[in-house]
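With the hints as your guide, set chain F onto chain X.
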Amino acid sequence: MSEMACDKHKETFVLNMGPQHPATHGVLRVKLVMDGEYIVEAEPVLGYIHRMHEKMGENRTWAQFMPNMGRLDYLGALSYNHGYAAAVERAAGIAVPERAEYIRVMTVELNRISSHLLWMGAYLLDLGGFTPLLYAFDDREKILDMLERVTGSRLTYCYFRFGGLYNDVDDQFLAEAKGFVARLRSRLPMYHTLVTKNVILMQRLKGIGVIDADMCRRYGVTGPVARGSGLNYDVRKNEPYSVYPQFDFDVPVYTEGDSMARYMVRMDEIEQSLRIVEQAIDGLPDGPVMAEKVPKIVKPPKGDYYHAVEAARGSFGVRLVSNGTNTPYRMKLRSPTYSNLSLLAEVAKGVTVADAVAFMGSLDLVIPEIDR
Amino acid sequence: MNPEIIRVVGYVVAVIAFVALNAAMLVWMERKVAGHIQRRIGPKEVGPFGILQSFADGIKLMTKQLIVPEGADVLLFKVAPMLVMIPAIMCFVTIPFSEQLAARNINVGLLLIFAIASVNVFALLLGGWASNNKYAVISAARAVSQNVAYEIPMLITAITVVMFTGTMNLQEIVLGQAGGFWNWNIFPVGKNIGMVVVMPISFLIFFICSMAETNRAPFDLGEAESELVAGFHTEYAGMGFGLFFLGEYANVFIGCSLSVILFLGGWQGPFGLLPGVHWFLLKVYFLIFVVMWMRWTFPRTTFYGLLNLSWKILIPISLFNLVLTGAFIKVF
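Residue numbers (the working numbering), protein chains in the order written: chain X, -17 to 354; chain F, 2 to 333.
Only chain X is shown next, with the shape it has when bound in the complex (with noise of 0.2 Å):
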């Protein structure tokens, strides 16, 4: 704690926030050192809930990594799975089919939108407003129906694989997602009108937990914050990979960088989201969804791999060192929202703790992630 804090004279107190707290959304610990309603110091105390997923890695095969992926982000584990997958592929020089890549690239999206559609109902939650929460699950609902149909899992998929995926999609998937892509585009005007424009929330949001581009660079701050901050970084579109390259999206980015812009930004993003999907559904070329000749057991020749996908929350990057066997000598996972936090230090700075809770979870925060 820095001199500030202990200065007897300005009544300062320390105030634990977590690792049980409404707002924290999970197991993080924020310790906050106040003034009365205001703030003096934050520092967030992770590793609650690490569970050594990057040392799990180094014992046991590249494969049996792969359901790890469905426990680090829990709401965007899609994204994960891809990025871990492609990874490999790249170190291992795996090509996958087009049509994986399509169906790839269509659940990850509608991963993102179901992603998206919980922070916001949690958000509101945040800030005192119970209701857009059911109407979000509502939506959520439905994507989770659609991808246990094809994945088998409802939060911690495990269905990519090495060269394509675990099984194909049939024509209700396809058929119920473009039914959804049609519902959720009925309901977003809805969504805007009874949330986006209230009052109340703007008044929270507008001018709040103000981040600039160069803060975003120092902390490196990625994905719907970064683009909330008037930064156009998106993986998808600067490092293209998979199938990205052939859909017409566009990146949503906001300058004002305070917390109105993230939300809109996310908002956006899932109507870019639902035109992927659409763009998918039309597109989808025919073909086996799984690469021939993928050895039983993968042994990437030794070497220093990375590959970088857009999550939900920013870029998620896997940086593997092979060393030629069956099991990976060294993994690193690279998760955005451990940068994002880290933002809540400074920006936590002399605000009042309801600002600090509608910046953190402006931030969509995912603790299991987090820790790892």
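All the pointers check out, no bait thrown in.
Pairs of lysine-lysine, BS3-like flavour, derived with a Cα cap of 30 Å:
#, chain 1, residue 1, chain 2, residue 2
1, X, 179, F, 313
2, X, 188, F, 135
3, X, 331, F, 313
4, X, 179, F, 33
5, F, 331, F, 313
6, F, 313, X, 188
7, F, 33, X, 124
8, F, 79, F, 61
9, X, 13, X, 188
10, X, 13, F, 135
11, X, 275, X, 314
12, F, 45, X, 124
13, F, 135, X, 331
Output of the computed footprint for chain F on chain X, the stretches with three or more beta carbons under 8 Å from beta carbons of chain F:
#, stretch
14, 0 to 12
15, 107 to 121
16, 177 to 185
17, 328 to 337
So, partial list: chain X residues that the calculated Cβ filter (under 8 Å) puts toward chain F:
#, residue
18, -5
19, -3
20, 19
Keep in mind that the hints were calculated from the coordinates and are not lab data.
All residues carry an ideal CB built from backbone N, CA and C; glycine is no exception.
Coordinates of chain F only, in the frame set by chain X:
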């Protein structure tokens, strides 16, 4: 036996029973309203339409152990929940449910209610302070400054009504609004055409203030659960929490019934038809429904937004209203 004593005992029993039953009803109503706003059905298992749900909850709360946290001020910790209930029940003394149905007809009834109701803040402060919990202390401090801030515009608007009606006797205020809705204080076309401008604004200010006074959303900063866990009642278990809860609903009822008495004609019918207790309850429960509607629709304001609203907007407007009232009473 002295019939006066029987009357007093009868009213005390009736009021306490009414407060408890009313709170049970309101909890059920709140859950149903919330349910339907959120596209679900709310409680339905216990009794028809789940109407006995709050009684089941009450039994659960009463069987729970009352835990006093370590380091708490035991006496104050136990007194605080009672101190919420006592003023809430006492306020019912002067509220006229109908022409005959009022425990006491006091000529300073309005003043008495304001005087007693302000004790409520004291209870929140004590409860928060005695809990020995930082969240509770922050919440108690919030509750106090919120109540102080909103009592002022509320009193000023009450004064405009008193100036207009010329009495602080709640019974007489209602009697003065007899005849039809054009005589109600909210839109007194029949009485003073100038006040038509002032009174709707006064009603709005009064209603907003009464919501803020009772710590209801969107002004529920005292128990803002995403910031302060459960606010001043974080450490209360079982019926200690139950009493805070009952007290909140009793205060909501009092706030809404004051709005009804002062502005919406109390137990008078809209066209002067069949005045009676049913009109009063109908109007009060409608206002309570509006309060619940707001709660489940709006997010919470911030503490400073709340104080700004009171000091920078509501107080100047209500003062301006007060001046206008004086002028209009002279002119028309």
